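Q: Construct all of the structure, not just a fragment, from the sequences and the given hints.
Numbering (this note's numbering), first residue to last: 2 to 80.
One or more of the hints may lead you astray.
[What the hints assert, rightly or not] Below, simulated DSS-like cross-link-like pairs (lysine-lysine); rule was C-alpha separation at most 27 Å, straight line:
no. : residue 1 : residue 2
1   : 58        : 48
2   : 48        : 3
3   : 19        : 8
4   : 19        : 48
5   : 23        : 8
6   : 19        : 3
7   : 3         : 23
8   : 48        : 23
For the record, the hints were derived by calculation from the structure and aren't laboratory data. All of these numbers come straight from a predicted model, not from anything done at the bench.
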Amino acid sequence: MKATIQKWGNSLAIRIPKNITKDVRVTEGSNIDIMVENGNIVLSPGKNEYSLKELLKNITIENIHSEISTGDQTGGEIW
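A: Next comes the structure, spelled out in structure tokens:
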């Protein structure tokens, strides 16, 4: 598939067709990684960074798991 680079403010931009965004599961606001490999521009879906607050917001009394054993202490761990 071909796309045209267009001016966007002081930068250049390309539009990613909807069928490709669906295939790689990106939406508006998604992070992407941009790399140059062997003279080619490579775009890859980026990993989202979450705050601790975002990670914990869906934990409820109904879905929280109980304490688990991780075995005996090793090294200088204090229990």
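Q: Now tell me, hint by hint, if it's right for this structure.
A: Results for each hint:
The straight-line distance between the Cα atoms of residue 58 and residue 48 is roughly 19 Å, inside the 27 Å bound, and the hint therefore holds. With a CA separation close to 26 Å, the supplied pair residue 48 and residue 3 stays within the 27 Å bound. For the hint pairing residue 19 with residue 8, the CA-to-CA distance comes to about 20 Å; that is within 27 Å, so the pair holds. Restraint check for residue 19 and residue 48: the C-alpha separation of about 20 Å stays at or below 27 Å, so the hint holds.
For the hint pairing residue 23 with residue 8, the CA-to-CA distance comes to about 25 Å; that is within 27 Å, so the pair holds. The suggested pairing of residue 19 with residue 3 holds, with an alpha-carbon distance near 14 Å, which does not exceed 27 Å. Between residue 3 and residue 23 the CA atoms are separated by roughly 17 Å; this keeps the pair inside 27 Å, and the hint holds. Taking the CA atoms of residue 48 and residue 23, the gap is about 16 Å. The hint holds against a cut of 27 Å.
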